[in-house]
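Student: Please arrange chain B on chain A, whose structure you already have, making use of the hints.
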Amino acid sequence: MTRHLLSIDDVSVAEIRQLFETAAEMHDVQRREVKKLPALRGRTVINLFFEDSTRTRSSFEIAGKWLSADVINLSAKGSSTSKGESLRDTVLTVTAMGIDGLVIRHSASGAPEQVAGWVDIPVINAGDGMHEHPTQALLDAYTLTRRLGTLEGKHIAIVGDLTHSRVFRSNVKSLTKLGGRVTVVAPPTLMPSGVAHWSKEAGFGTSYDLDAVLPDVDAVMMLRVQKERMSGGFFPSPREYTVGYGLTRARLAALRPGTPILHPGPMNRGLEISPEAADAVDQSVILDQVSAGVAVRMAVLYHLLAGEEAAA
Amino acid sequence: MTANPDEPDARPDARPGLGPGDPAGDGRVVLDAGDIARALTRISHEILERNKGAEDLLLLGLQTRGVPLARRIAAKIAEVEGTAVATGSLDVTMYRDDLRNHPTRAPHKTDVPGGVDGKTVVLVDDVLYSGRTIRAALDALSDLGRPAVVRLAVLVDRGHRELPIRADHVGKNLPTARTERVRLRLVETDGEDEVRIVEA
Chain A
455 MTRHLLSIDD VSVAEIRQLF ETAAEMHDVQ RREVKKLPAL RGRTVINLFF EDSTRTRSSF
515 EIAGKWLSAD VINLSAKGSS TSKGESLRDT VLTVTAMGID GLVIRHSASG APEQVAGWVD
575 IPVINAGDGM HEHPTQALLD AYTLTRRLGT LEGKHIAIVG DLTHSRVFRS NVKSLTKLGG
635 RVTVVAPPTL MPSGVAHWSK EAGFGTSYDL DAVLPDVDAV MMLRVQKERM SGGFFPSPRE
695 YTVGYGLTRA RLAALRPGTP ILHPGPMNRG LEISPEAADA VDQSVILDQV SAGVAVRMAV
755 LYHLLAGEEA AA
Chain B
6 MTANPDEPDA RPDARPGLGP GDPAGDGRVV LDAGDIARAL TRISHEILER NKGAEDLLLL
66 GLQTRGVPLA RRIAAKIAEV EGTAVATGSL DVTMYRDDLR NHPTRAPHKT DVPGGVDGKT
126 VVLVDDVLYS GRTIRAALDA LSDLGRPAVV RLAVLVDRGH RELPIRADHV GKNLPTARTE
186 RVRLRLVETD GEDEVRIVEA
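Same order as they appear, the protein sequences are chains A and B. Here the first sequence is numbered in the working numbering, starting from 455 and rising by one per residue. Here the second sequence is numbered in the working numbering, starting from 6 and rising by one per residue.
Treat the hints with care, as some may be off.
[Claimed, not checked] Partial list, derived from the structure: chain B residues whose beta carbon lies under 8 Å from chain A:
id	residue
1	T109
2	P112
3	K114
4	T115
5	G119
6	L189
7	V192
8	T194
[To be verified] Heads up, simulated SDA-like pairs for lysine to any residue below, C-alpha to C-alpha not over 20 Å straight-line:
id	chain 1	residue 1	chain 2	residue 2
9	A	K490	B	H113
10	B	K114	A	R471
11	A	K490	B	E60
12	A	K490	B	D122
13	A	K489	B	D148
14	A	K490	B	L146
15	B	K114	A	K537
16	B	K114	A	A468
17	B	K57	B	D31
18	A	K489	B	D144
19	A	K537	A	A562
20	A	K519	B	R105
21	A	K489	B	D122
[Unchecked claim] A partial selection of chain B residues facing chain A, derived with a Cβ cut-off under 10 Å:
id	residue
22	T69
23	T88
24	T98
25	L104
26	R105
27	N106
28	R110
29	A111
30	D144
31	A145
32	D148
33	G150
34	D195
35	E199
36	V203
Think of the hints as simulated: they come from the structure by calculation, not from any bench. Think of the CB as a built atom: it goes at the ideal place given N, C-alpha and C, for glycine as much as any other residue.
For reference, chain A alone in the conformation it holds in the complex (with noise of 0.2 Å):
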């Protein structure tokens, strides 16, 4: 298994194939009484989030916590960073108290990288600026593999704020990793510049049209628009986005039936998504992707902490 985990890119298929299998059994756990394997026992993980997040960083915390692993969340509100200290002394800091694992949420693109590049310990990145979001992208698979039994063949609709998108970045390369055809779907403004280039290296479609392409897709992911876009020029208006990429209850009817429908939170009802689509029976997988997380989350701090490499 690969030491640190930044990038999709980290992990071979083989790789991913092995973190569902564990995280197949973490899920069963997640269903017994005591929620406890002792993998970890003995080892201290720290969530560093210099960015807000509650999904994650309690996901992770979760994760780490049924692991028996002792887990410290540090936020950059409230610590040292916002006294003027550098990522690099905080990071060096922290690690100096003997810690196992780092798992770190950074604004800026990169961040965890160079983190990794500074320390001895495995480290984790939990979503870094417009980058990568890797457990988010392993997480959004597992929980599509198992609702739709192989990747391999389907065609899967990302749609959304592609240009500011860490969880589409990282996405596009798992889904295509694991054999799915990806379609990209973004109002003009928030398409990545250079997409073009870039669809046709990686091997992904855009699209422009949200109603021709739903009908033929195998599953749907709505992206979060985020409020600080809202005035920023890439959309007229709120109402205007979602006229014309919004999941409402129309496209909703779209569908074929049973179409699974992902979003990585926190929703926007009524913005992105209809309230309509985000509780749709047997359609909605939202919340599984969820409980999903801490699975895959407990798979990544297993094979990341556990094993002879980490020892070393």
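Tutor: The following block gives chain B in isolation, referenced to the frame of chain A:
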């Protein structure tokens, strides 16, 4: 009795060691398919006798080769008693004390139908050696619930215990040297039934 008639001393009770004409280093057969079947039949009867029937019995095979063995014992018990016996599987990967000495691997399935609370759990494993796997299994079991009784059945006990653990039901006591390896193959996992002693 022995599956290898070319080696007269290759009997199950003989002191293990490499047979003479064995350049491939494949060791020698100490239990063949018939021996394994007879041992499992005896274990099945012992379990029934000890438990005074099949009530509240749960046969829990340790991954990987304990699982088919547990199923075979359950089938034998069903034959004798006419009632189905619950079987499950237990993976102890996460509970091993040597987890840090090896690269990690994905754990196998843990499946305990109906839970362990109040049951007579019989752990079933292929080879009992240091006892560390069983120690891990007992820990795993206590995370799953509180069985009324826990017993241990193994096909082969090769000695060299490192913990105060013993089996209640043993298919075959097999004195071995630490330098030797006991290689157990089962139809379900390896295509044939056979126990061999191989020089490491």
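Student: With reference to the structure, classify each hint as holding or not holding.
Tutor: Evaluation of the provided hints:
1. T109: At about 4 Å, which falls below the 8 Å cut-off, the nearest Cβ of chain A leaves the hint on T109/B intact, so it holds.
2. P112: Check passed: Cβ of P112/B comes within 5 Å of chain A, closer than 8 Å.
3. K114: 7 Å, holds
4. T115: 7 Å, holds
5. G119: 14 Å, violated
6. L189: Result: violated, 24 Å to nearest chain A Cβ.
7. V192: 24 Å, violated
8. T194: Since the shortest Cβ distance to chain A is 17 Å, the answer is violated.
9. K490/A / H113/B: 17 Å, holds
10. K114/B / R471/A: Distance ~15 Å between K114/B and R471/A Cα, so the pair holds.
11. K490/A / E60/B: 30 Å, violated
12. K490/A / D122/B: 18 Å, holds
13. K489/A / D148/B: 8 Å, holds
14. K490/A / L146/B: Cα-Cα ~12 Å, so holds.
15. K114/B / K537/A: Violated: K114/B and K537/A sit about 49 Å apart, past 20 Å.
16. K114/B / A468/A: 19 Å, holds
17. K57/B / D31/B: This hinted pair is violated, its Cα atoms lying about 42 Å apart.
18. K489/A / D144/B: With Cα atoms ~13 Å apart, K489/A and D144/B stay inside 20 Å; holds.
19. K537/A / A562/A: 19 Å, holds
20. K519/A / R105/B: Holds - the C-alpha atoms of R105/B and K519/A are around 18 Å apart, at most 20 Å.
21. K489/A / D122/B: 16 Å, holds
22. T69: 14 Å, violated
23. T88: 27 Å, violated
24. T98: 8 Å, holds
25. L104: 5 Å, holds
26. R105: With a minimum Cβ separation of about 4 Å from chain A (threshold 10 Å), the hint on R105/B holds.
27. N106: 6 Å, holds
28. R110: At 8 Å from the nearest chain A Cβ, R110/B passes the 10 Å test, so the hint holds.
29. A111: Hint on A111/B: holds, closest Cβ of chain A at ~4 Å, below 10 Å.
30. D144: D144/B check passes; min Cβ-Cβ to chain A is 7 Å, inside 10 Å.
31. A145: A145/B check passes; min Cβ-Cβ to chain A is 9 Å, inside 10 Å.
32. D148: 5 Å, holds
33. G150: Given a least distance of 7 Å, the restraint on G150/B holds.
34. D195: 21 Å, violated
35. E199: At 28 Å from the nearest chain A Cβ, E199/B fails the 10 Å test, so the hint is violated.
36. V203: 25 Å, violated
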